[in-house]
Each structure stands twice: as C-alpha cells, then as structure tokens.
Amino acid sequence: MADRTPVIVVEDLTARFDDRIIFEHVSFEVYRGEILVILGGSGCGKSTLLKHMIGLYKPYTGRVLINGVDVNTRNEAELQRLRRDIGVTFQGGALFGSMTVAENIALPLKEYTDLAPADIDLIVKMKLGLVNLAGFENHLPEELSGGMIKRVGLARALALEPTVVFFDEPSAGLDPVTQVELDLLILNINAGMGTTMVVVTHELQSIFTIAHRVVMLDKEARSVIAMGDPRHLKEHATDPRVLAFFRRQPLSQWQKES
Amino acid sequence: MGLTVPVSLSAKKEEDFKKEFSIRVRGEPGQAVTFVLSGRLALDTFKPFKNEIFALLDRFSPASLTVDLSGVTFLDSVGALALVELEEEGKARSIPVELANAGKDIQRILGIIDRAALTTPPLKTEEKLGVIERVGEGTITFVDDLVQVIAFVGDLVIALVYSLFHPRAVRWSEVGFYMKRAGVDALPILGLLSFLLGMVMAFMSSLQLKQFGATLYVSSLVAIAMVQELGPLLTAIMVAGRSGSAFAAEIGTMMVNEEVDAITVMGFDPIKFLAVPKVVASMLVVPLLSVYAMFFGILGGLLIGVFLLDITMYSYIVETQKAIALFDINSSLVKSAVFAAIVAGIGCQRGFKVRGGAEAVGAQTTSAVVAGIFLVIVVDSLFAVALHYIR
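Going line by line, the protein sequences match chains A and B.
My numbering puts the first sequence at residues 58 to 315.
My numbering puts the second sequence at residues 124 to 514.
Among the hints, erroneous ones may be present.
As the list claims (entries may be wrong) - Only part of the chain A face toward chain B is listed, based on derived beta-carbon distances under 10 Å:
hint, residue
1, G154
2, E194
3, H196
4, L215
5, N245
6, M250
Unchecked claim - In silico DSS-like links for lysine-lysine, alpha-carbon gap of 25 Å or less:
hint, chain 1, residue 1, chain 2, residue 2
7, B, K170, A, K167
8, B, K173, B, K214
9, A, K291, A, K276
10, A, K167, B, K173
11, B, K333, B, K445
12, B, K170, B, K214
13, A, K276, A, K108
14, A, K115, A, K291
15, A, K167, B, K445
As the list claims (entries may be wrong) - So, partial list: chain A residues that the calculated Cβ filter (under 7 Å) puts toward chain B:
hint, residue
16, P174
17, D178
18, I180
19, K182
20, M183
21, G186
22, N195
23, E199
No wet-lab data here; the hints were simulated from the structure.
Computed from a prediction, not measured in an experiment: that's the story for all the values here.
Don't be surprised by glycine CBs; every beta carbon is placed ideally from N, CA and C.
Between the sequences and the hints, there should be enough to build the whole structure, so can you do that?
What follows is the structure, given as structure tokens:
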C-alpha cells in the first residue's frame with residue numbers, strides 16, 4: 058500500500074469567493090497508492106477543496122502540487138501532462154449524453170494517443186470489464202442506471218491510466234447494495250493498479266470500507282479539524298465534532314457532556 | 124546455447140523520458156523460446172510493444188513460449204492487456220504461453236483484467252436502416268411532430284382563454300419579466316436594424332424612381348412597405364431569434380432537470396405555469412415593437428430622402444401620412460400579435476419536446492427558431508391574401 062511518497066501536496070490553501078471564506082490555511086499530503094477520503098458535514102467545502110485540487114478553481118492563497126506540478130501552472134505543456142495524469146469522476150457522472158458508453162471512454166484515447174481503432178476498442182472492452190460492465194459499449198447514458206453511470210464515469214476517468222483518480226461523492230444517490238459494490242470496485246482497482254485515490258464523501262459506511270486515511274473539514278472552523286485513520290479517530294478522537302460525525306450522533310449531546 | 128537476438132525499441136513520443144521497453148529472445152525458431160521483457164509496458168508503449176512482440180512471434184513461431192517478466196519495471200492495465208492478448212494469440216496458434224517471474228504488483232494487475240469481458244459481444248447492436256425504412260421513419264416523425272404541435276396549440280388556446288376569464292390566475296410578475304426580456308431588451312438592436320433597412324430601401328428604390336423623376340414616392344414606398352409588411356415581419360424574425368430560442372432553451376433545460384415534472388406533481392399545469400406568461404408577454408410586447416420598428420424604418424427613409432434626394436422634410440412627412448391608412452396599422456398590430464403567439468408558442472412547444480440531455484436542448488432550440496420563422500412567413504402570406512379581400 059502507501060509508501061509515504063507524497064503524490065499530492067496541498068499547501069496553505071485558502072478558498073474564498075468574494076467575501077466568503079470557505080476554508081483557510083489547509084495543508085495536507087496524499088501518499089502514493091493510498092485512498093484518502095475528504096469528509097465533513099454539508100457545506101463545509103469538501104467539493105470546493107476537490108475542485109481546487111483538480112485545478113478548476115484558483116486558490117486565494119497557497120497551492121496544490123500533483124507529482125510536483127502546480128495544478129494552476131501557466132505552462133501549457135506541463136498542464137497537459139498533468140491533466141492526462143489525473144482522472145476525475147463527477148457527482149452526476151458527467152457522461153456525454155450524445156455519445157455511447159464506448160465513445161465516452163474512447164474519447165480521451167482517441168484524442169491523446171495514436172492507437173489504432175481496433176486497439177482502442179479492445180482497451181474500451183478491458184476498461185468496461187474492469188468496472189463490471191462488459192457488453193454495455195453501445196448503450197447511451199440515458200439507458201443506464203445511476204450506479205452504472207458512476208461506473209462508466211470511473212472507466213472514462215481511468216482511460217489514460219492516470220496515477221491519481223478523484224471521486225466527487227461516488228455513492229451519492231445510490232442504494233446500499235450498489236454503494237458497497239462501487240466501494241469494492243474502488244478498492245479492487247486501488248489494490249490492483251496502485252492508483253492513488255482522493256474521494257469526497259460523507260457516507261460513513263463507505264468511509265470505513267475504503268479509506269486508508271481521512272481529512273475532515275468543518276464549516277465553522279473553516280479548516281481541517283482531524284486527519285488520520287477513520288477507525289482510530291472513531292475510538293480515540295477528542296474533538297466532539299469528530300466524534301459526533303463518526304458515531305452518528307447529534308453534536309448537542311457531545312457538547313452537553315463535555 | 125541459444126541464439127540471442129537483442130531487439131530494443133524506444134517509442135518516439137514527444138516529451139517523454141521513461142517510455143522504453145526492450146525484448147530479448149532466447150531460443151531457436153520452432154522450439155522452446157523465451158522472451159525476456161524489461162522496461163515499461165504501459166498505454167504509451169502499447170502500440171510499439173504489440174507490433175514488436177507479434178512480429179517476433181511470427182518470426183520464431185515457437186513450440187512453446189515463456190515470457191519472462193522479471194525485468195518489467197512498470198505495468199499498467201493497458202500493458203497487462205497486451206500480455207493477455209499475447210496469451211490469447213498463443214492459444215489461437217496452439218502455442219503454450221507461460222508468463223514467468225511476475226512480481227507481486229504485476230500479478231495483481233494481471234489479476235484484475237477480466238478476460239471474458241474482452242470477447243463479450245455488445246448487448247445492444249445498432250441497426251442500419253435502409254432508404255425506405257428511413258423515409259418511413261421520417262414520415263412518422265413528421266406526422267408525430269404535426270400532431271404534437273396541433274395538440275399543443277389546442278392546450279395553449281384553452282389555457283389562454285381560461286386566463287382571459289381568470290386574469291388573476293396568470294403570473295403577471297412573470298409576464299412583466301418576459302415583456303422586459305423580449306421587448307425592452309430588444310429595442311436597441313431592432314431600432315438599428317429597421318433604421319438601416321429603411322435607409323437601404325429608400326436608397327435602392329430611389330435609383331429606379333429617379334429615372335421617372337418620381338423620387339418623391341420613395342416616402343410612400345418606404346412607409347407602405349414598413350407598415351404593412353417589413354415592420355411586423357422583421358420584428359417577428361428578431362423575436363424568434365432572441366426570445367423563441369430562449370424560451371425553448373429555458374423550458375428544455377427545465378425538462379432535463381426534472382423541474383417540469385416537479386411543477387406537474389405540485390399540481391400546476393406546465394402550460395399555464397410556463398407557457399402562458401411567455402406567450403401573453405410576447406403578444407403584448409411584439410405589436411409595440413412592430414410600431415417601433417415601423418417608426419425607425421420610416422426615419423431611415425426620411426434621412427435618405429432629405430439628405431440624398433432633396434425632398435424637404437415637410438413634404439416627406441406629408442407624403443408618408445397620405446400613404447398610410449389607419450386600417451393598415453390596425454391590421455399590422457393584429458398580425459404582430461399573431462406572429463408573437465406563433466413564435467413564443469413554438470418556442471415553448473419545442474422546449475417541452477426536449478428528452479435526454481444537452482444535445483436535445485440544442486436541437487430543439489434550433490428547431491424553435493427555424494420553425495418559428497417558417498410559420499411566421501407562411502402566416503404572413505395568408506394575411507396578405509386575406510387583407511387583400513377584406514380591404
């Protein structure tokens with residue numbers, strides 16, 4: 058598993074829209090081959106942090122490095138290489154509705170490699186097998202269920218063999234069985250290919266299943282309030298906000314006791 | 124004491140550094156052969172690696188093949204796919220292939236490749252249609268579309284008549300909003316266009332009329348053309364482009380986001396809730412826009428008349444007044460209101476037709492503009508015939 062080489066470095070990151078500060082001075086690292094979960098209550102800026110990490114938003118202060126490259130670099134060539142080195146799965150799948158499943162997955166391969174069409178077809182079949190969707194090449198996204206759409210999104214994110222894959226709420230809107238299947242798929246791919254993964258979620262079950270480490274954000278504190286192994290945090294954390302989250306209890310109870 | 128053929132190949136790709144692999148071969152052709160792989164087997168080396176190793180397989184056609192993976196420094200799932208393909212090819216040529224000395228990481232990656240998936244046929248195949256089938260399909264689509272438009276017109280008329288008798292059921296704040304969007308916001312561009320149109324018309328007609336010394340009639344020509352035809356028509360085309368398309372895109376996006384479903388289950392009629400305010404607003408504001416367009420068209424003509432054709436401003440205005448009857452203006456106002464209903468109605472109808480995603484929104488928006496302008500021109504010619512007999 059994780060060999061403690063940082064793949065992603067987040068340094069002193071502050072997110073601010075106009076006068077509203079979402080979080081400030083956030084710093085952490087993601088190690089090679091680990092699954093890091095970013096968690097926190099609604100509105101704490103989990104998705105904002107993710108969008109900063111993939112370079113969609115510009116930071117107010119600080120920076121994010123992936124494999125040593127600043128995600129907001131102005132160097133086009135570096136940025137291109139970086140973009141090919143990361144894969145992102147979006148909350149709603151973000152599949153292109155006018156393209157079939159196979160075309161969705163083949164798109165980055167067609168644009169970025171000079172492989173023959175037959176080879177691309179074969180790679181697409183392999184990726185579909187990877188996400189347990191063999192045979193679904195010619196389906197349109199609208200013909201798929203929510204869980205399938207997420208899995209196609211994952212296959213597309215994996216198309217260029219990225220070293221880091223980001224997940225935005227992978228289990229949102231899925232039934233428990235599909236959630237577990239997706240979690241196992243994430244674990245399987247992480248173990249098999251050694252891909253580093255950053256997952257934004259607040260599904261407790263998923264967190265305990267997949268996370269090697271978590272980073273917990275808080276809305277009021279506007280920064281990271283806990284970091285580490287979730288199983289350890291559940292037992293040994295002292296911060297009432299962290300305990301309330303992991304034990305699924307209302308915060309008021311912990312405040313009364315402490 | 125095998126013959127050793129060192130083959131090394133480096134992928135010639137722009138920037139890259141580590142994109143290298145090499146294959147060494149131990150053994151004689153036709154006997155037990157070992158390929159010793161080293162370096163990087165990945166997406167970027169897939170093509171040269173496959174070409175190379177299949178060429179070697181052809182050249183040696185071994186009795187049995189051992190692939191030694193001890194030197195492989197990096198393998199991703201595409202690299203693993205290449206190895207799986209090699210095995211499958213061996214099976215097809217009935218050559219036993221063995222992948223040897225695979226490290227833990229390599230075994231793991233090979234393990235997640237689902238071999239059955241590679242040969243699974245697609246669950247759904249696209250059928251190719253012949254010419255006759257396509258003509259049939261096109262006809263069905265056309266008739267369907269016609270039926271839908273007629274049904275929508277019916278619904279819309281019922282909703283409008285209902286609104287006439289229950290004016291408090293109309294969302295007037297929305298009507299005001301769309302009157303500003305479709306009307307006030309269109310003033311600058313519509314004024315400019317009709318002004319230029321009036322100028323062009325006056326100038327072009329003066330070239331002909333000059334030959335008969337009849338340049339004074341430029342004023343009545345511009346006035347009649349602007350008031351009876353071009354004012355309402357230009358306005359309708361303008362509104363189709365600006366607002367018909369916007370209505371289609373807005374309602375279409377609401378369809379995609381299930382907002383229209385929400386409106387329905389909350390007990391509102393989507394047509395009354397979404398279409399009526401837009402159509403009413405357009406019917407109120409477009410006749411005003413038409414008058415505005417007529418005014419600027421005549422103003423453009425006046426400018427040419429006064430400055431290029433030496434007509435005095437007084438006589439230009441008198442001639443213009445003589446040329447226009449009140450009947451013309453009234454009929455144009457009615458015509459404009461009908462155009463407005465067509466353009467806004469088609470915009471809404473195309474919006475409600477959206478199914479699927481972004482692409483459908485685009486297609487229906489285009490269709491709203493094209494169908495809107497088409498119907499406006501068809502109805503305009505019907506008006507021309509009807510007005511000819513009424514007058």
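Now the hints, each set against the structure:
1. G154: 3 Å, holds
2. E194: Result: holds, 5 Å to nearest chain B Cβ.
3. H196: Holds, because the Cβ-Cβ distance from A/H196 to chain B comes to roughly 6 Å (cut-off 10 Å).
4. L215: 8 Å, holds
5. N245: Holds, because the Cβ-Cβ distance from A/N245 to chain B comes to roughly 6 Å (cut-off 10 Å).
6. M250: For A/M250, the interface hint holds, since the closest Cβ of chain B sits about 6 Å away, which is under 10 Å.
7. B/K170 / A/K167: Given pair B/K170, A/K167 holds - Cα atoms ~13 Å apart, limit 25 Å.
8. B/K173 / B/K214: 16 Å, holds
9. A/K291 / A/K276: 20 Å, holds
10. A/K167 / B/K173: The hint holds at about 18 Å.
11. B/K333 / B/K445: 21 Å, holds
12. B/K170 / B/K214: Answer holds: B/K170 to B/K214 is near 21 Å, not above 25 Å.
13. A/K276 / A/K108: This hinted pair holds, its Cα atoms lying about 17 Å apart.
14. A/K115 / A/K291: Distance of about 33 Å is beyond 25 Å: violated.
15. A/K167 / B/K445: 69 Å, violated
16. P174: 12 Å, violated
17. D178: 10 Å, violated
18. I180: For A/I180, the interface hint holds, since the closest Cβ of chain B sits about 6 Å away, which is under 7 Å.
19. K182: Where the cut-off is 7 Å and the nearest Cβ of chain B is about 5 Å from A/K182, the hint holds.
20. M183: 5 Å, holds
21. G186: This hint holds: A/G186 lies near chain B, its Cβ roughly 3 Å from the closest one there, short of 7 Å.
22. N195: 5 Å, holds
23. E199: Check passed: Cβ of A/E199 comes within 5 Å of chain B, closer than 7 Å.
Violated hints for the displayed structure, listed by number in ascending order: 14, 15, 16, 17.
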